[in-house]
Amino acid sequence: GIQVEQSPPDLILQEGANSTLRCNFSDSVNNLQWFHQNPWGQLINLFYIPSGTKQNGRLSATTVATERYSLLYISSSQTTDSGVYFCAVDQTGANNLFFGTGTRLTVIP
Amino acid sequence: GAVVSQHPSWVICKSGTSVKIECRSLDFQATTMFWYRQFPKQSLMLMATSNEGSKATYEQGVEKDKFLINHASLTLSTLTVTSAHPEDSSFYICSANREYQETQYFGPGTRLLVL
Numbered sequence: 001g002i003q004v005e006q007s008p009p010d011l012i013l014q015e016g017a018n019s020t021l022r023c024n025f026s027d028s029v030n031n032l033q034w035f036h037q038n039p040w041g042q043l044i045n046l047f048y049i050p051s052g053t054k055q056n057g058r059l060s061a062t063t064v065a066t067e068r069y070s071l072l073y074i075s076s077s078q079t080t081d082s083g084v085y086f087c088a089v090d091q092t093g094a095n096n097l098f099f100g101t102g103t104r105l106t107v108i109p
Numbered sequence: 110g111a112v113v114s115q116h117p118s119w120v121i122c123k124s125g126t127s128v129k130i131e132c133r134s135l136d137f138q139a140t141t142m143f144w145y146r147q148f149p150k151q152s153l154m155l156m157a158t159s160n161e162g163s164k165a166t167y168e169q170g171v172e173k174d175k176f177l178i179n180h181a182s183l184t185l186s187t188l189t190v191t192s193a194h195p196e197d198s199s200f201y202i203c204s205a206n207r208e209y210q211e212t213q214y215f216g217p218g219t220r221l222l223v224l
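Residue numbers (my numbering), protein chains in the order written: chain A, 1 to 109; chain B, 110 to 224.
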């Protein structure tokens, strides 16, 4: 089956710093999404981005489907950005998401 | 819009009992709902996909007789963990798709502890 690896697995940032999270996938996909899971377990949609670049405030994402990776950029990080960031991919076209290994981000004041 | 709720948020039960978890789309009709399981400090794993009025499709390795899924309406899906055992203790999360949209909206999750 498809492998979805995220790096780094853990990241600690000072408030205000920038970071780049990476998602590598081993096969072609129909769909790629980025999620933030807050410390209480709630998943929040960040981006639906099978290809190209999108921006939403301090966050932006780029997916290069031909090279099988996606990047999530966080600028001017805040303590509320803490949590786990997941990318998830779908190969079936039926939106059956396969989640990556996650990056646990801790932003310290 | 696109709010998904789950009930209960926490449940503790004795081994051998059955537990029902509800997933509701509050402000939209969900053509498809998904159930995931997440063990501590691990990723989410898709358990099954359900469409309103039809049988759920289970992922490989998920016992359909143990995890009963009913998608009775366009706003409600239920997951019943039958004869629960301690190894079923986990965080169960549902999600839902709006019609013609690929973005999944996630519920807040249900923490199950089987003693």
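Treat the hints with care, since some could be wrong.
Unchecked claim - Here are the computed distance ranges between Cβ atoms for each label pair:
1. A:50 x B:189: 30 to 40 angstroms
2. A:55 x B:116: 30 to 40 angstroms
3. B:135 x A:67: 32 to 42 angstroms
4. A:55 x B:172: 37 to 47 angstroms
5. B:172 x A:20: 22 to 32 angstroms
What the hints assert, rightly or not - Partial chain B-side listing against chain A, Cβ under 8 angstroms, derived:
6. 135
7. 141
8. 148
9. 152
10. 153
11. 158
12. 161
13. 162
14. 202
15. 206
16. 209
17. 212
18. 218
FYI, nobody ran anything at the bench for these hints, they're computed from the structure.
For every residue, glycine included, the Cβ atom is placed at its ideal position computed from N, Cα and C.
Practice prompt. Just pull the numbers of the violated hints for me, sorted ascending.
Written response: Per hint list: 5, 6, 8, 12, 13 and 16 violated.
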